[in-house]
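Asks: Please construct the entire structure, taking both the sequences and the accompanying hints into account.
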Amino acid sequence: MERKKIRFTINGRPCELEIKTWQTLLEVIREDLKLTGTKEGCGEGECGSCTVIMGGRTVNSCLVPAMEADGQEIMTIEGMSDGDKLHPIQEAFVGQSGTQCGYCTPGMIMSAKALLDENPDPSQEEIREGISGNLCRCTGYTKIFESISAAAQNMRLSQK
Amino acid sequence: MAVFYRRLPRMDYIRPDTVDEVLDILAKGEPGRYKVYAGGTDVIPKIKKRIMPPPRILVDLKGIKGMDYVEYDEKVGLRIGALASVRSVAESTVIKEKYPVLSQAARSIASIQIRNRATIAGNLCNAVPSADSAPALLAMDAELRCISKRGERAIRIDEFFKAPGRTALEPDEILQEICIPAMNEKTKGIYGKLSPRSRMDLAVVGVAVLGRSEDGFFKDIRIGLGAVAPKPIRALKAEELLAGSNICDETINDASMAAALDAKPIDDHRASAEYRRMMVEVLVRRGLKYILD
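Order-wise, the sequence lines are chains A and B. The numbering of the first sequence is the numbering used here, which starts it at 26 and goes up by one. The numbering of the second sequence is the numbering used here, which starts it at 1480 and goes up by one.
Please note that the accuracy of each hint is not assured.
To be verified - Using C-beta positions, here's what the derived DEER-type ranges look like: (1) B:D1547 - A:K185: 35 to 41 Å; (2) B:I1493 - A:N179: 41 to 47 Å; (3) B:R1645 - A:R82: 53 to 59 Å; (4) A:K185 - B:E1753: 54 to 60 Å; (5) A:C67 - B:L1740: 50 to 56 Å; (6) B:K1575 - A:D146: 38 to 44 Å; (7) A:C126 - B:I1493: 36 to 42 Å; (8) A:P39 - B:P1650: 22 to 28 Å; (9) B:G1723 - A:Q184: 54 to 60 Å.
Claimed, not checked - Computed cross-link-like contacts, DSSO-like style, restricted to lysine-lysine with a CA-CA straight-line distance of at most 27 Å: (10) B:K1544 - B:K1575; (11) A:K29 - A:K110; (12) B:K1514 - A:K30; (13) A:K30 - B:K1541; (14) A:K30 - B:K1716; (15) B:K1525 - A:K45; (16) B:K1628 - B:K1641; (17) B:K1665 - B:K1554; (18) A:K45 - B:K1514; (19) B:K1768 - B:K1716; (20) A:K29 - B:K1541; (21) A:K45 - B:K1544; (22) B:K1667 - B:K1575.
What the hints assert, rightly or not - Reference listing, derived: stretches of chain A covered by chain B, where coverage requires no fewer than 3 residues with Cβ under 8 Å from a Cβ of chain B: (23) 43-56; (24) 64-73; (25) 106-115; (26) 161-174.
No lab work stands behind these hints: they were computed from the structure. By construction, the Cβ of each residue, glycine as well, lies at the ideal position given by its N, Cα and C atoms.
Replies: Laid out in structure tokens, this is it:
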């Protein structure tokens, strides 16, 4: 017991860490890697603030034992932008005022990314479904739906 | 109220590569020392909240290769490996086509993040009365293949649930596979779930109705009920009433009322027993009408 070594890729960068075996992925991301964009909300998988993409799929990082990250590819909100250039989903959240207090935003954007990666042209219903695991207490969601719609449209246009 | 610590207690983590390794560990007979988990979406919050006594060692089953299958054969039926995620079951084309009620039930579980991690097997082993996959699997007569160092055995799903959070699994045993028999081609099924929120919520009432109509008669009607008894149950009296009955409004009403009496709900903060009972009646009636549609 105590510490074990894990290797994984985070935001495209290989990473080797010694962690406590009972740490969650969220704790490792925030406290060991100091990537504090990912937030802790409820800590029990209800709110989605801690959503990251692991192996191409969204997970609540507060429920993932960090040991499971070994050998995985992980993406957090910090991996979305290309240097100072924001990702089109981030641009859309800025442009459409999809953010108020901002606490849910990183999780929302990760869920939106996973959605748009699989379905570049989602319907309103599919957008709602896609972020149903992310709670927002400020916006009433309308601006978030609009942001994701706008992002989808912009991304499709830039593909052409 | 359970205290919520946010942090996991100090424990070790192992990830065995084979079922045999897991069974060896469990056969040591050290209760409480090990806790096996698949998706962890129920186990991790329970350990964080100290509802479950923290194990010394978490045993991650996901290291086992080839246990996440969803396989269909016309003769044998459907086989779901213990590590198949809820999402893979919800999205499987063969399940959508042959067992739409299961696909629907799987889709109704929590959120995408949870469905990506959680497994149907884990949903059953967690054994909460409101487990969304249970009514559908009860209605489909699923058989649960379990394995321990002592050997393999099959447990019928209606004998699997014992009490809230308790199953027929022995401490040294794991659920390996869920088997669902092939269905008659004309069988239809639907899962009706009531919850205050449309997504990301537990069922207040969950009702799966499965069966078919044949020459004006109900045939092989099976009804699974969730969240209305200490464990997921079949509405046996209602099923009995429908067996071989001719199709008319009176039969449908009688059967729906019988199902409401099959339910043994409790009052809690989610809903009153009375409401749950009434909703069983409504959802069974809707389910039967859907089958006739």
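Asks: Could you work out which of the previously given hints the structure breaks and list their numbers from low to high?
Replies: 3, 5, 6, 8, 11, 14, 25 and 26
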